[in-house]
Amino acid sequence: MKRYDLIVIGGGPAGLSAATEAAKHGLHPVVFDENARPGGQLFKQIHKFFGSKEHKAKIRGFQIGEELLEEAEKYGVEVCLNAAVIGLYPEKEVTVRIGEEVKHVKGDAVLVATGASENMVTFPGWTLPGVIGAGAAQTMMNLHHVKAGEKILMLGSGNVGLVVSFQLMQAGCEVVALVDAAKRVGGYGVHAAKVARLGVPFYLSHTIVEAEGSDCVTGVTIAQVDEKFQFIEGTKKHFDVDTICMAVGLSPMSQLLMQAGCKMEDTPGGCVPVCDASGATSVPGIYAAGDVSGIEEASSAMIEGRISGAVIAEYLGYITEEGKKARERELEEALEALRKGMFAPENRGKLLEKTEEGIDISMNLLEKGYVAEDEIERYPGVTHMAGVHPVMECTQNIPCNPCQDACAKGCISIGKNITSLPVVVPGAECIGCGMCVASCSGQAIFLVDEESEPGYGTVTLPYEFLPLPEAGEKGIALGRDGTKVCDCEVVSCKSAKAFDHTNLLTIKVPADMTMKARFYKKGAKFCQA
Amino acid sequence: MEKRIMRHPILGDSPERKFVKFTYDGKTLEGYEGEPVAAALRAAGVMTHRYTAKKHEPRGVFCAIGRCTDCVMVVNGKPNVRTCITPLEEGMTVQTQYGASYEGGTTDEAI
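Protein chains in written order, with numbering that gives the first Met the number 0: chain A, 0 to 528; chain B, 0 to 110.
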């Protein structure tokens with residue numbers, strides 16, 4: 000039986016990070032992954048990540064995946080692909096199917112980083128071809144360059160539902176509605192606002208009655224639900240769609256840990272192993288990291304993996320206890336930062352009414368997906384001054400701060416607390432470079448000149464769609480709710496390597512529209528050529 | 000309508016790949032070599048991959064990562080092949096699966 004010092008099950012963000020960390024300390028880990036490519040779901044994530052520099056903020060998921068693979072290779076991590084682990088035993092023995100063969104191997108330590116699988120909800124017609132998981136949509140469009148559908152209804156307003164809706168529009172699909180049985184948007188407000196300003200209507204307190212079609216989806220009916228999630232009569236709405244996308248949460252894939260006899264617990268977030276901060280389970284030498292130990296995000300999964308990697312290195316005698324503790328402290332600090340703010344684990348399911356600064360949270364954002372005009376002025380990133388200046392429509396405390404580093408002129412401040420709302424620094428001079436606009440993972444920063452010429456002003460907005468508008472082109476400006484606010488003209492559309500595919504589109508609008516116009520539309524549809 | 004994304008605002012131009020021919024229920028189709036069979040079928044507008052044994056209900060791609068097994072088809076004569084993770088090859092035969100076999104097949108085990 001082949002023996003390894005560390006067997007990592009799952010080559011996603013947590014598993015690769017753990018293996019790399021362990022390899023840095025001298026271990027020779029093997030990573031088994033059932034897929035043909037490593038990286039887990041990272042290669043489908045084409046949006047910029049949140050956090051700070053140490054969390055790889057403002058870098059797109061697939062680029063983080065590439066960095067991770069390079070690092071793993073550099074430290075000699077052995078990644079074994081098309082290798083599905085089918086058994087894990089308390090003695091740290093692993094059975095793995097590679098091709099048609101089942102191999103039996105043993106590890107001095109085993110780290111389970113199998114991630115999670117998508118949840119689903121059932122309704123009449125849910126088994127029809129055309130009803131897909133949000134992950135499937137991402138896989139098809141972002142990995143295989145095939146549209147997930149033409150007209151799509153998204154069920155689920157968590158970050159996955161919001162991010163995938165935006166990505167569907169980027170791929171040239173039409174999202175006809177975003178639906179959630181919950182009363183309020185579950186994901187980041189900035190992600191919701193990005194989708195809402197494209198004109199996608201949000202139906203909160205609604206869910207699917209049925210999917211229509213005999214051989215595949217041809218339509219869908221939704222209806223409003225009451226407090227007990229029962230349909231309210233007379234509230235049905237029909238949409239012609241060919242695809243229904245489900246983004247209704249994830250469940251840890253913890254079966255192997257259960258099989259190994261690890262102590263498990265049932266939580267609202269699924270069945271997870273009982274483990275300490277380092278991922279050590281109740282079975283000595285068996286660890287868990289990433290979504291399998293509780294659903295979070297790729298950013299935290301990577302840090303959790305590194306912590307487990309360092310702890311395993313000490314467990315097997317490769318580093319001293321002091322060395323381990325120092326590394327753990329450093330990583331835990333980074334992890335704690337990510338777990339702060341409105342969306343911190345302890346705030347799950349709670350309705351927060353005020354920001355950390357004591358400002359009322361936009362209820363319109365939570366119920367309709369965008370901040371209302373009479374709410375936006377209360378946030379510290381939204382100020383008025385002569386000349387071009389940043390307007391930061393960042394209204395919730397989330398751990399993210401690339402904007403403050405993006406401005407070379409020091410116009411933007413978040414401060415030490417990574418979840419604070421960005422503030423426009425009084426007296427600092429904006430040169431209109433737009434780096435802040437491109438750096439904001441939530442696409443919530445705009446450059447506004449309230450009066451660039453008599454009667455007119457300009458708005459510079461982040462634009463990640465094709466075809467790129469051309470200078471002089473006439474179109475309409477959309478408000479935060481995605482409806483037309485005025486006619487407008489394209490002044491410029493700038494692309495630069497430093498913007499990383501977030502183009503800066505500047506439009507000229509009537510002066511009284513500069514605080515209203517937040518998106519640009521040429522024709523009647525967003526579809527690319 | 001074109002189902003392939005030839006230009007993407009973030010991912011750029013779709014990578015150049017080699018076209019190969021395969022058959023779907025006897026009909027010749029084209030797809031890119033190495034892409035999942037399911038992607039080639041989707042691009043050709045095929046939604047139904049199989050029919051269930053008992054109720055004869057259509058099924059198609061659901062998870063697209065090889066987990067749910069809803070997209071299985073008979074590929075090169077072998078049933079229960081997960082088309083979403085099976086790379087397309089020149090000359091492959093892909094057939095709609097009925098229950099656990101191709102239409103008129105002898106395996107009648109329900110799945």
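It cannot be assumed that every hint is accurate.
To give an idea of the interface, some chain B residues facing chain A are shown, with a C-beta separation under 8 Å as derived from the structure [said to hold, decoys possible]:
(1) 0
(2) 8
(3) 9
(4) 17
(5) 18
(6) 19
(7) 20
(8) 25
(9) 26
(10) 42
(11) 47
(12) 58
(13) 59
(14) 63
(15) 88
Cross-link-like lysine to aspartate or glutamate pairs, in silico, EDC-like; alpha carbons within 20 Å at most [to be verified]:
(16) 2(B) / 149(A)
(17) 496(A) / 12(B)
(18) 53(B) / 102(B)
(19) 2(B) / 173(A)
(20) 26(B) / 12(B)
(21) 52(A) / 499(A)
(22) 54(B) / 313(A)
(23) 54(B) / 211(A)
(24) 150(A) / 1(B)
(25) 54(B) / 214(A)
(26) 77(B) / 511(A)
(27) 23(A) / 92(A)
(28) 324(A) / 313(A)
(29) 323(A) / 4(A)
(30) 77(B) / 329(A)
(31) 52(A) / 70(A)
(32) 2(B) / 214(A)
(33) 53(B) / 4(A)
(34) 2(B) / 99(A)
For the record, the hints were derived by calculation from the structure and aren't laboratory data. We put the CB at the ideal spot given by N, CA and C, even for glycine.
Outcome of the hint check:
no.: 1; hint: 0; verdict: 6 Å, holds
no.: 2; hint: 8; verdict: 5 Å, holds
no.: 3; hint: 9; verdict: 5 Å, holds
no.: 4; hint: 17; verdict: 15 Å, violated
no.: 5; hint: 18; verdict: 14 Å, violated
no.: 6; hint: 19; verdict: 15 Å, violated
no.: 7; hint: 20; verdict: 18 Å, violated
no.: 8; hint: 25; verdict: 19 Å, violated
no.: 9; hint: 26; verdict: 17 Å, violated
no.: 10; hint: 42; verdict: 5 Å, holds
no.: 11; hint: 47; verdict: 5 Å, holds
no.: 12; hint: 58; verdict: 6 Å, holds
no.: 13; hint: 59; verdict: 3 Å, holds
no.: 14; hint: 63; verdict: 4 Å, holds
no.: 15; hint: 88; verdict: 14 Å, violated
no.: 16; hint: 2(B) / 149(A); verdict: 8 Å, holds
no.: 17; hint: 496(A) / 12(B); verdict: 16 Å, holds
no.: 18; hint: 53(B) / 102(B); verdict: 14 Å, holds
no.: 19; hint: 2(B) / 173(A); verdict: 13 Å, holds
no.: 20; hint: 26(B) / 12(B); verdict: 29 Å, violated
no.: 21; hint: 52(A) / 499(A); verdict: 16 Å, holds
no.: 22; hint: 54(B) / 313(A); verdict: 56 Å, violated
no.: 23; hint: 54(B) / 211(A); verdict: 17 Å, holds
no.: 24; hint: 150(A) / 1(B); verdict: 13 Å, holds
no.: 25; hint: 54(B) / 214(A); verdict: 13 Å, holds
no.: 26; hint: 77(B) / 511(A); verdict: 66 Å, violated
no.: 27; hint: 23(A) / 92(A); verdict: 24 Å, violated
no.: 28; hint: 324(A) / 313(A); verdict: 9 Å, holds
no.: 29; hint: 323(A) / 4(A); verdict: 17 Å, holds
no.: 30; hint: 77(B) / 329(A); verdict: 52 Å, violated
no.: 31; hint: 52(A) / 70(A); verdict: 17 Å, holds
no.: 32; hint: 2(B) / 214(A); verdict: 19 Å, holds
no.: 33; hint: 53(B) / 4(A); verdict: 48 Å, violated
no.: 34; hint: 2(B) / 99(A); verdict: 34 Å, violated
The structure is inconsistent with the numbered hints 4, 5, 6, 7, 8, 9, 15, 20, 22, 26, 27, 30, 33, 34, although it conforms to all the rest.
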